[in-house]
Amino acid sequence: MTRIPARRWGIGAAILALGAGAMACSPSPSNGDKTGESAQLVVARTADVDVLDPARATAFSTNQTLALVYDRLIQVDPDGKLIPGLATKWTVGDGGKSVTLTLRDGVKFHNGQAFTSADAKASLDRIMDPKTAAVASSYLANVSAVDATDAHTLKLTLKQPDASLLTALSLTGTSMLSAKDIKAGTIDKKPDGTGPYKWKTWKQGQELDLSANADYWNGKPKNAGVQFRVIPDEASIVSGMKSGSFNLGIVSDPALTKQLKGNQKMTLVANPTLDYHVLQLNGRRGPLKNKTVRRAIACAVNRSDAIDTVYFGQAKETGPIVSPAYQYDGTDGLGCKAGDTAAAKKMLASAGYAKGFHLKTIVMTGQYSTSTNLAQVLQSQLGKIGVTLDLDRQQTNVYVPNWSKANFDAAVALNGGSIDPYLQYNRYFTTDGSLKVPAGLTDPKLNSLLRQANSTTDLAKRKQIFGDLSKALNDDSPWVWLFRNQTYYLESKGLTGFTATPSDSLENLRLAGLA
Amino acid sequence: MSLRYLAGRAAGMLGTLLGVAVVVFVVLRALPGDTITAKLGTQAAELDADQRAALRHFYGLDASPVTQFLRWFGGLFRGDLGVSIDTGVPVTHLIGDALPVTLELAVLAMIIAVPVGVLAGMLAASRPGAARDLSVQGVGLLGLAVPEFVVATVTVAWLASAFAYTPSAGTFVSLGSSFGGNLRQMLYPALVLGVGLAATVMRTTRSAYLEAAGSDFVRTARGKGLAESRVRFRHILHNAGIPIVTMVGIQFGYLLGGTLVVEQVFALPGLGRLLLDGILHQDYAIVQGVTLLVAGTFVVVNFAVDIVYRLLDPRTRSEGRRA
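Quick note, the sequences are listed as chains A and B, same order. Just so we're aligned: 468 in the numbering used here is position 468 of the first sequence, and the numbers increase by one with no gaps anywhere. Just so we're aligned: 320 in the numbering used here is position 320 of the second sequence, and the numbers increase by one with no gaps anywhere.
Fair warning: there could be bad hints in the mix.
Said to hold, decoys possible - To give an idea of the interface, some chain A residues facing chain B are shown, with a C-beta separation under 8 Å as derived from the structure:
1. Leu-208
2. Ser-239
3. Gln-367
4. Tyr-368
5. Val-400
None of these hints come from the bench; they were simulated from the model. All residues carry an ideal CB built from backbone N, CA and C; glycine is no exception.
With the sequences and hints as input, model every part of the structure.
Here it is in structure tokens:
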């Protein structure tokens, strides 16, 4: 082999150097240097809006966004209390079988048209029309007629009393649309609501621009607009926050937040949401048919240890009820201290399962980051009382059909909660609930408590009934309740006035500004 | 290159694409769940029969698979790839927006990888077993072994902490709207892709170069007293060209379908992300359209590589004439 003079390699070295040189140059981001009410807020999140029609919105990011453009008749305050939205007041009459709402005067759609009861009626009728294929239609299942009695009064006639209807009227799915847009068929093309922000431009999969609605009935937003950027990788969102490119970053992976300890450029806010982590048991199968066995499992699970491992010690334990409006001792009715292995072992032995058993456990992957971690923690905790979880990790599309047919002994699940405990559980534990199969068991007591709660709007009565429900759920232990899910908000140093809500809505963005 | 040869190749290409179209269509439908479960997750279980039927109709899932296939396949001949279930945007538009991004990324990565890879390969091959060979090979192995997502994530994190810069943070600027702005966003992802690719090119170059360097004609060329640089580039590298071109061609095809990870980390709106979103939402038309496009590119690139062979190596030309 002949020798090659070293200088020949100069070209190669030059090219390598060029690459290295390019890496070193560091253009600084220009994120707009405006402050106060002329500032535009830049929000980074992993997912984009997927549909523009609120009635068909299910994805979290879609609900979150459309709720900024559209208003609902009723709103929810941070304590889970219903407060006026586009309806200034409402009265329940005819023994609970009618609801009359007074609509706010002087509200305008972004297209300049006034909001009247005709719009409200058209919006609700549209949801109930099967042709709309509205996911929200089940919320209005008890409504038999919607009448606009005058320009600012709307009357809903019900088939039977339905206290949860008022909460349903606060969800993005029941947003108020313009009757004109409905007629023109433009709902899923260009959002046009009465909300604090107007829909400006949308580059699908990349970014969405909303501009402040100066005429907003509840006060002009304290910023000029919001830009949502889609950054699919959560680690890249954290990097972007470090470089000061975003004012607000929304992430869900607890592991990422460990990197942020002591970072001066942002504040980390961990926000417990209404969604809750739970180990669902199938009470129609094998040893799980026995209530003592289910309770033994519930007693053996140590929530705070699980939180330490899965959420690095930062999460909120929960019992059956997640609503901030109805708070109870989450272990009341369980009959043991959670995490008491010895008591759990005794209970198993008394039920005749001292040697333990195996449970086919399904775990959803790909949808949220903590599922596998949590499943492994539960596996090791229940291993101590001889209950072996055989983990079967499944992609969403495999998991969903198995879950809905209750093709499992146990399921590690992240379920959606509600400020109204009836809405949280009626699908599972009433006799005609749409999810009574994956619920794992039917219990007449749960059914009757839920029905009682929904037949009255009296707050004191409901508080008492839901307290009984919480106790009854623990007593029966169809599932093991663990802790609330968490969303992390990364707020840049200059961001002021933003607060997260339990429903993870971004409605307070209108109060946020840049100092 | 006879007409007959070209016609034969063209027919083969169409056959391959038809096969791909059918396989993708069938596999997508054979996957568990459908658009509705993909969109709603466990909420899908809450739908009553009427709601489910309404949604199936809305998403066009109530037609029989054969009808769906014929509808889609017929559209192909009119240049219509269907519309996205989610947004109703024609798939051709979505691809039209995404393809230039991925194409540019692939070309930039190639511009980085080919010169670096070829020169590094020649450097390594110049003295096999020597320190320079071992160090080039060592670096190359590292380039191959470290997964793209690690390099990409570390690059993003490092740029943010060292230079307070995040290439993916801003609005994506297309090449047409701002050349410099676009290049600034594309540089780092292209480098990440280029580094891994350069390692592959380097290894191929090294072995092809070594093989060619041992040939008689090389000794003859040196014996004739040709300048060393001429021997190296004109005689050895030229003869080592075929495996290198093949490798670069295949890699280019991979790049078009495979810049997914880099696009994801750097938030670039390319084909890979379009495809991933399509799969996650089970948006059939998008997945079918993009897969067909990627398969088509592979077929065309392979064809182009064959043509380049014929230009590089006269021996492969005569085969075509004989056929």
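Hint numbers not upheld by this structure, sorted from lowest to highest: 1, 4
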